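A.B. asks: Residue numbers (the numbering used here), protein chains in the order written: chain X, 9 to 126; chain F, 41 to 151.
Hints listed in this document are in silico derivations from the structure and should not be mistaken for laboratory results. Computed from a predicted model, the values in this text were never measured in an experiment. Just so it is clear, CB atoms sit at the ideal spot from N, CA and C, and this is done for glycine as well. Check the hints yourself; a few may be wrong.
What the hints assert, rightly or not - Residues of chain F placed beyond 10 Å of chain X at every Cβ, according to the derived structure:
| # | residue |
| --- | --- |
| 1 | Val-53 |
| 2 | Glu-55 |
| 3 | Gly-56 |
| 4 | Ile-58 |
| 5 | Leu-86 |
| 6 | Asp-95 |
| 7 | Ala-108 |
| 8 | Arg-117 |
| 9 | Ser-124 |
| 10 | Phe-141 |
| 11 | Ser-143 |
| 12 | Gly-144 |
| 13 | Arg-150 |
What the hints assert, rightly or not - With a straight-line Cα cutoff of 30 Å, these simulated DSS-like cross-link-like pairs (lysine-lysine) come out:
| # | chain 1 | residue 1 | chain 2 | residue 2 |
| --- | --- | --- | --- | --- |
| 14 | F | Lys-138 | X | Lys-49 |
| 15 | X | Lys-74 | F | Lys-138 |
| 16 | X | Lys-74 | F | Lys-82 |
| 17 | X | Lys-49 | F | Lys-107 |
| 18 | X | Lys-72 | F | Lys-96 |
| 19 | X | Lys-49 | X | Lys-72 |
| 20 | F | Lys-96 | F | Lys-82 |
| 21 | X | Lys-49 | F | Lys-82 |
| 22 | F | Lys-96 | X | Lys-74 |
| 23 | F | Lys-138 | X | Lys-63 |
| 24 | F | Lys-138 | X | Lys-72 |
| 25 | F | Lys-138 | F | Lys-107 |
| 26 | X | Lys-63 | F | Lys-82 |
| 27 | X | Lys-22 | X | Lys-72 |
| 28 | X | Lys-49 | X | Lys-22 |
| 29 | F | Lys-96 | F | Lys-107 |
| 30 | X | Lys-28 | F | Lys-82 |
| 31 | X | Lys-28 | X | Lys-49 |
| 32 | F | Lys-138 | X | Lys-28 |
| 33 | X | Lys-22 | X | Lys-63 |
| 34 | F | Lys-82 | X | Lys-22 |
Said to hold, decoys possible - Derived CB-CB ranges, DEER-like:
| # | chain 1 | residue 1 | chain 2 | residue 2 | range |
| --- | --- | --- | --- | --- | --- |
| 35 | X | Pro-94 | F | Asp-98 | 15 to 23 Å |
| 36 | X | Lys-72 | F | Pro-50 | 33 to 41 Å |
| 37 | F | Pro-151 | X | Asn-59 | 45 to 53 Å |
| 38 | F | Ser-136 | X | Pro-16 | 38 to 46 Å |
| 39 | F | Ala-57 | X | Leu-84 | 16 to 24 Å |
| 40 | X | Thr-65 | F | Arg-68 | 23 to 31 Å |
As a plain string of letters, each chain reads:
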Amino acid sequence: GAVVSQHPSRVICKSGTSVKIECRSLDFQATTMFWYRQFPKQSLMLMATSNEGSKATYEQGVEKDKFLINHASLTLSTLTVTSAHPEDSSFYICSAPANPGGSPDTQYFGPGTRLTVL
Amino acid sequence: QKEVEQNSGPLSVPEGAIASLNCTYSDRGSQSFFWYRQYSGKSPELIMSIYSNGDKEDGRFTAQLNKASQYVSLLIRDSQPSDSATYLCAVTLDSSYKLIFGSGTRLLVRP
């Protein structure tokens, strides 16, 4: 099946710093990617939809100035957590449909990035 | 009211038994329904998808959908200890790929 990678897999940073997380589709082009966040023992919550060549669409309650999304190419989306604070510590997961317009079965998840803000 | 609800568990079953996982959703317009398995510290992996009322079987897994009752379930036959994980129910509200997840049910299969 299609592969989505994320980098880094784990990051620890100090409060107030910014952290960039990359999501890449390795063997297909993704005009759309999704960013989810998962707090411990909670479910995945959709944060935003990343669109190649246009602005990201953010879900209600997600601060677009804090979570900057750039869909630089058809295989790369980045999420930057600006001025990170301990409450931003979470598991960030991206996903990408391998077959736009096709079955939703063809959405693939990255392995996730564990962010810990001290 | 949460859009997708699941019992958090844990659901504990002995090896070889049938595990039954349930999910209800609030939006009647929900179009697609999915079961994902998530091991601790890992991202979700798709187990089953179902789009129309009835049953869908794939190996040891059977998904059941009842749109009138807004209910979707997953049966795991011959449960194995390796099935121990959190099972996430997810729906899409439209033709997009945006998934709305339930909070997950933790399944524990006892050897």
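A.B. asks: State for each hint whether it applies.
C.D. replies: These are the hints, each one checked on the structure:
| no. | hint | result |
| --- | --- | --- |
| 1 | Val-53 | 21 Å, holds |
| 2 | Glu-55 | 25 Å, holds |
| 3 | Gly-56 | 28 Å, holds |
| 4 | Ile-58 | 24 Å, holds |
| 5 | Leu-86 | 7 Å, violated |
| 6 | Asp-95 | 17 Å, holds |
| 7 | Ala-108 | 22 Å, holds |
| 8 | Arg-117 | 22 Å, holds |
| 9 | Ser-124 | 16 Å, holds |
| 10 | Phe-141 | 4 Å, violated |
| 11 | Ser-143 | 4 Å, violated |
| 12 | Gly-144 | 6 Å, violated |
| 13 | Arg-150 | 21 Å, holds |
| 14 | F:Lys-138 x X:Lys-49 | 21 Å, holds |
| 15 | X:Lys-74 x F:Lys-138 | 21 Å, holds |
| 16 | X:Lys-74 x F:Lys-82 | 25 Å, holds |
| 17 | X:Lys-49 x F:Lys-107 | 28 Å, holds |
| 18 | X:Lys-72 x F:Lys-96 | 40 Å, violated |
| 19 | X:Lys-49 x X:Lys-72 | 25 Å, holds |
| 20 | F:Lys-96 x F:Lys-82 | 26 Å, holds |
| 21 | X:Lys-49 x F:Lys-82 | 13 Å, holds |
| 22 | F:Lys-96 x X:Lys-74 | 42 Å, violated |
| 23 | F:Lys-138 x X:Lys-63 | 17 Å, holds |
| 24 | F:Lys-138 x X:Lys-72 | 18 Å, holds |
| 25 | F:Lys-138 x F:Lys-107 | 19 Å, holds |
| 26 | X:Lys-63 x F:Lys-82 | 29 Å, holds |
| 27 | X:Lys-22 x X:Lys-72 | 21 Å, holds |
| 28 | X:Lys-49 x X:Lys-22 | 24 Å, holds |
| 29 | F:Lys-96 x F:Lys-107 | 14 Å, holds |
| 30 | X:Lys-28 x F:Lys-82 | 20 Å, holds |
| 31 | X:Lys-28 x X:Lys-49 | 24 Å, holds |
| 32 | F:Lys-138 x X:Lys-28 | 23 Å, holds |
| 33 | X:Lys-22 x X:Lys-63 | 28 Å, holds |
| 34 | F:Lys-82 x X:Lys-22 | 24 Å, holds |
| 35 | X:Pro-94 x F:Asp-98: 15 to 23 Å | 42 Å, violated |
| 36 | X:Lys-72 x F:Pro-50: 33 to 41 Å | 37 Å, holds |
| 37 | F:Pro-151 x X:Asn-59: 45 to 53 Å | 47 Å, holds |
| 38 | F:Ser-136 x X:Pro-16: 38 to 46 Å | 29 Å, violated |
| 39 | F:Ala-57 x X:Leu-84: 16 to 24 Å | 45 Å, violated |
| 40 | X:Thr-65 x F:Arg-68: 23 to 31 Å | 24 Å, holds |
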